[in-house]
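Using the sequences and the accompanying hints, generate a full structural model.
2 protein chains.
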Amino acid sequence: MRLAKPLPPNSVIGILGGGQLGRMLALAAARLGLKCHIFAPEADSPAFQVAARHTCAAYDDAQALHAFATGIDVVTYEFENVPAETAAILARLVPLAPGSEALATSQDRFVEKTFLAGIGLETAEFAPVDDLDGLERAIARIGRPSILKTRRFGYDGKGQISIRHDIMLDAAWAQFGKRPAILEAFIDFEIEVSVIAARGWDGSIAVYDVPENRHVNHILHQSIVPAAIAQTTAAQARNIAGRITSALDYVGVIGVELFVARRDGQERLIVNEIAPRVHNSGHWTMDACIVSQFEQHIRAIAGWPLGDPGRHSDVVMTNLLGDEAENWRNLAREAQAGLHLYGKAECRPGRKMGHMNRLTPRQG
Amino acid sequence: MRLAKPLPPNSVIGILGGGQLGRMLALAAARLGLKCHIFAPEADSPAFQVAARHTCAAYDDAQALHAFATGIDVVTYEFENVPAETAAILARLVPLAPGSEALATSQDRFVEKTFLAGIGLETAEFAPVDDLDGLERAIARIGRPSILKTRRFGYDGKGQISIRHDIMLDAAWAQFGKRPAILEAFIDFEIEVSVIAARGWDGSIAVYDVPENRHVNHILHQSIVPAAIAQTTAAQARNIAGRITSALDYVGVIGVELFVARRDGQERLIVNEIAPRVHNSGHWTMDACIVSQFEQHIRAIAGWPLGDPGRHSDVVMTNLLGDEAENWRNLAREAQAGLHLYGKAECRPGRKMGHMNRLTPRQG
Numbered sequence: 001m002r003l004a005k006p007l008p009p010n011s012v013i014g015i016l017g018g019g020q021l022g023r024m025l026a027l028a029a030a031r032l033g034l035k036c037h038i039f040a041p042e043a044d045s046p047a048f049q050v051a052a053r054h055t056c057a058a059y060d061d062a063q064a065l066h067a068f069a070t071g072i073d074v075v076t077y078e079f080e081n082v083p084a085e086t087a088a089i090l091a092r093l094v095p096l097a098p099g100s101e102a103l104a105t106s107q108d109r110f111v112e113k114t115f116l117a118g119i120g121l122e123t124a125e126f127a128p129v130d131d132l133d134g135l136e137r138a139i140a141r142i143g144r145p146s147i148l149k150t151r152r153f154g155y156d157g158k159g160q161i162s163i164r165h166d167i168m169l170d171a172a173w174a175q176f177g178k179r180p181a182i183l184e185a186f187i188d189f190e191i192e193v194s195v196i197a198a199r200g201w202d203g204s205i206a207v208y209d210v211p212e213n214r215h216v217n218h219i220l221h222q223s224i225v226p227a228a229i230a231q232t233t234a235a236q237a238r239n240i241a242g243r244i245t246s247a248l249d250y251v252g253v254i255g256v257e258l259f260v261a262r263r264d265g266q267e268r269l270i271v272n273e274i275a276p277r278v279h280n281s282g283h284w285t286m287d288a289c290i291v292s293q294f295e296q297h298i299r300a301i302a303g304w305p306l307g308d309p310g311r312h313s314d315v316v317m318t319n320l321l322g323d324e325a326e327n328w329r330n331l332a333r334e335a336q337a338g339l340h341l342y343g344k345a346e347c348r349p350g351r352k353m354g355h356m357n358r359l360t361p362r363q364g
Numbered sequence: 001m002r003l004a005k006p007l008p009p010n011s012v013i014g015i016l017g018g019g020q021l022g023r024m025l026a027l028a029a030a031r032l033g034l035k036c037h038i039f040a041p042e043a044d045s046p047a048f049q050v051a052a053r054h055t056c057a058a059y060d061d062a063q064a065l066h067a068f069a070t071g072i073d074v075v076t077y078e079f080e081n082v083p084a085e086t087a088a089i090l091a092r093l094v095p096l097a098p099g100s101e102a103l104a105t106s107q108d109r110f111v112e113k114t115f116l117a118g119i120g121l122e123t124a125e126f127a128p129v130d131d132l133d134g135l136e137r138a139i140a141r142i143g144r145p146s147i148l149k150t151r152r153f154g155y156d157g158k159g160q161i162s163i164r165h166d167i168m169l170d171a172a173w174a175q176f177g178k179r180p181a182i183l184e185a186f187i188d189f190e191i192e193v194s195v196i197a198a199r200g201w202d203g204s205i206a207v208y209d210v211p212e213n214r215h216v217n218h219i220l221h222q223s224i225v226p227a228a229i230a231q232t233t234a235a236q237a238r239n240i241a242g243r244i245t246s247a248l249d250y251v252g253v254i255g256v257e258l259f260v261a262r263r264d265g266q267e268r269l270i271v272n273e274i275a276p277r278v279h280n281s282g283h284w285t286m287d288a289c290i291v292s293q294f295e296q297h298i299r300a301i302a303g304w305p306l307g308d309p310g311r312h313s314d315v316v317m318t319n320l321l322g323d324e325a326e327n328w329r330n331l332a333r334e335a336q337a338g339l340h341l342y343g344k345a346e347c348r349p350g351r352k353m354g355h356m357n358r359l360t361p362r363q364g
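As they're listed, the protein sequences go chains A and B. The opening residue of the first sequence carries number 1 in this note's numbering; numbering runs sequentially from there. The opening residue of the second sequence carries number 1 in this note's numbering; numbering runs sequentially from there.
These are computed hints drawn from the structure, not numbers from a lab. Certain hints may be false.
Here are the computed lysine to any residue pairs in the SDA-like style, where the Cα-Cα straight-line distance is at most 20 Å [unchecked claim]: (1) B/Lys-5 x A/Gln-175; (2) B/Lys-158 x B/His-37; (3) A/Lys-5 x B/Arg-329; (4) A/Lys-5 x B/Asn-10.
To list a few chain B residues with every Cβ distance to chain A over 12 Å, as calculated [what the hints assert, rightly or not]: (5) Pro-6; (6) Ala-67; (7) Glu-125; (8) Asp-308; (9) Arg-329.
Distance ranges between label pairs, derived from CB positions [as the list claims (entries may be wrong)]: (10) A/Ala-230 x B/Cys-56: 51 to 61 Å; (11) A/Glu-346 x B/Pro-41: 52 to 62 Å; (12) B/Ile-119 x A/Asn-327: 33 to 43 Å.
In this text, all values refer to a predicted model and were calculated from it rather than measured experimentally. Each residue gets a CB set at the ideal place from its N, CA and C atoms; glycine is no exception.
Next up, the structure:
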C-alpha cells in the first residue's frame, strides 16, 4: 500500500522496534508535530519513554499487529530483521516504508549481493554456500583468504568467520554451524565509508556527505565527516546510493556501506551491504546538519519534502559502548560536542549506550 | 530543597506545564537519557506525547502533587505563573528549580522591577498603583506617555494600556479593571533584545548570544541573531543576565528582556522583564547551537555541567502563529531551515503552533 497523500501534523507514525533508533526516530517525528506509536516486545524499550503510544507485544502477535495498524498512518521499522509475515500483515493494512522488497533484499546477504551486482555495482566476489561441498566449490572459485558469512541475521561481525590459508574447510564448516551461508572474497580495502541517503514516495532523493567509518571489534567506533577520499569518489558513492534506492523503489533513509580500495592508483568503491533504515554511521547528522537522518526518514515516509542534507560543520561521531557512557559528566563538559544517551536501563559490555558528536568548523 | 548530587541518566525530571516549552524540555531531556514526568491540567497537552509519564490534574490538587513528587528527582516548570502553594508543596518534597524566590519575583511586576532596581540595574521609572488616587500620584511623578500594566498574569501585551496625553485617568482606570497595577514610564527604545542565560546549582553560568526581538501585536514575531548592537552593549546585556541569576541564586535557564535606547549617542540597556524559564526568544538555539536552551535548562536543574552556548551559525527564528503553520509543506522545503511544530490539536488565531529557524553561515 502506498501513501495516498502527505501526512499532516498530528498524524501517527508506527515504528517497529523500540531501541535507540526507534527512540531517535520518535524524537525527530515530535519535532515535526507528528506522533509515534512504538511496537516492540521488550517492556523496557527506550523508545517507549518518548512516544505518544506504545504496544508491548511479540512481532508474531497478529492480533496486536492488527490493533497497532488501526491507529497509525504509516509504518516503518528500526531494524532490517522484521519477520516477513509481520511486514506482510502490516503492509496489507497501512503503507509500509521502506517496502517489502527492501526488507527481503537486505535480510539475506546472497539476495542482497545478487541485487547489487545485478544493477551493475561492484561487490566482493561471492557464492552461496549450503553445505561442505558447496563451500569447497566456492573456495575453488573465489580462493583464500575469504569470509564465510551467514546469509541471515548477522550483525556487528557476528555470524562470520575468515577462511584463511591454514584453515581446514570441514572444521570451518562445522564451527560455522552449517547454516545457509555466503562466501565472499576478502577485500584489501583502504578505508570503509558509508552513504546515508533518503528517497521519498515521489522519487526525490537527498544524500548526506560521506563519512569514513572506523570499527573496533567489528562494531562501529567512529564516523569521521568528511571522509578523506577524493571528491570524485565521494560523488560516486552518493550516486551509488541513489541508484540503489531507485532500483528498490525505496522510501525512507538507507545506509549503504562501501569499501574504498586502491587499484592502479585510483580509488575504487565496492559495495559491502545495505541497511534499510537509519544507520549508526549517520548519527553525526544530528548535530552537524539542520535535518538529521532521523527527521529525514520521518519526512520521507510521511510524504513530506525531503530536508536539506547540507552540513554546517565537520564532525566526528564516537559511539559510547557499555560503561563508556558512565563517563557522562566529563563528556557533558566538552565544548562544541553533542552528547546523546539512549535511556537504556541496563549497561552491558559492548552495548550501544549513546554517542558523542564532536564538531569543528567546516573546512571548505 | 537543593539537589544533593548530579542526576545520573535515567533519572526523572518533573515538569509543571504541558505546552510547547514543556514538550521541548522533554525532548531535550530525552537526548541526555533522562526521563520526564509532565504535570498539567489539559488532557491534550502537547508535552504528554513525548514524555515517559504524565499526570493530568489541577495545579491545586494536593494529592496529585504529592504522588507526582514521589517519582521525580527534581521539578521545574514551563511558565512563571505556577501558584505559590503548588510550588511550596513540591519544594518541600523535591528540589525545585528555578526556586521560589525567582517565581515570586517574576510573578509580580512591581516586585520584579523593585528587585531589578535594587541590584543596580536600569529599568523604566515605575510606581505601584492600587487605586485611582495612586494612578494620579504615579502620573504626577512619571508623566505621560506611560504604560499601566497589571502586576500579575500579564503576557503577550495582555493586561496593559497606554496612558497617552489625551486619555482621562478615571476612564483608563475603569477600563483597566481596577486591578493591582504598576505604572511604567514609556521608553523610547531603538530595539528590543533579550538574553538567554543559564546558571547551575554550583553557580556556574553560561550565556547565549543576544538576539534582537521583533514583535507584532505584542507577540514575538522574530528573533534575529546576532542583534545589530555594539559588542560592548551585547557584553553588558550578558553581564546583566549573570548579575540577575546570581542575585536570585537562580538555577536553570532564564530569559531577560531588555530595551536598547540611545542616549548621548551611546546605546543604553534598560531591563524590561525576566522570565524564570526557557524563553521564546531562545528557540533559535535549537538549530544554531549544539546545546539548545532546553538542553541547557535540563543540564542546569539536573546538576550536569552546563553546555557550550557557542553558536555555529547566524539565525533568524520566526514564530508560526495560528494558520501560518498550515503552510508546513512549503516551510519544510526550505534549505538550511529547521521547522518545529508543537503537536497542538487545535489551531486558533494567534496561537503559537511552531517556529522556523533559518540559518546562514556565521559572519565573524
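Hint check results:
1. Under the criterion of a C-alpha separation no larger than 20 Å, the hint pairing B/Lys-5 with A/Gln-175 is inconsistent with the structure, at around 51 Å.
2. Among the hinted pairs, B/Lys-158 with B/His-37 is inconsistent with the structure: their alpha-carbon atoms are about 30 Å apart, more than 20 Å.
3. Of the supplied pair hints, the one linking A/Lys-5 and B/Arg-329 holds, its CA atoms being roughly 12 Å apart against a limit of 20 Å.
4. At most 20 Å may separate the alpha-carbon atoms for a hinted pair to count; A/Lys-5 and B/Asn-10 exceed this at roughly 38 Å.
5. A beta-carbon of chain A is positioned within 12 Å of the beta-carbon of B/Pro-6; the least distance is around 6 Å.
6. For B/Ala-67, the requirement that its beta carbon stay farther than 12 Å from each beta carbon of chain A is met, with the minimum near 19 Å.
7. Distance to chain A confirms B/Glu-125 as a non-interface residue, since its nearest Cβ pair spans about 42 Å, more than 12 Å.
8. Taking the minimum C-beta to C-beta distance to chain A, about 4 Å, the non-interface status of B/Asp-308 is violated against the 12 Å cut.
9. With a least beta-carbon separation of about 6 Å from chain A, B/Arg-329 fails to lie farther than 12 Å from that chain, contradicting its non-interface assignment.
10. The hinted range of 51 to 61 Å is satisfied by A/Ala-230 and B/Cys-56, whose Cβ atoms lie roughly 58 Å apart.
11. Judged by the Cβ atoms, the range 52 to 62 Å given for A/Glu-346 and B/Pro-41 is violated: they are separated by roughly 35 Å.
12. As the Cβ distance of B/Ile-119 to A/Asn-327 is approximately 39 Å, the hint placing it in 33 to 43 Å holds.
In this structure, the earlier hints numbered 1, 2, 4, 5, 8, 9 and 11 are contradicted, and the remaining ones agree with it.
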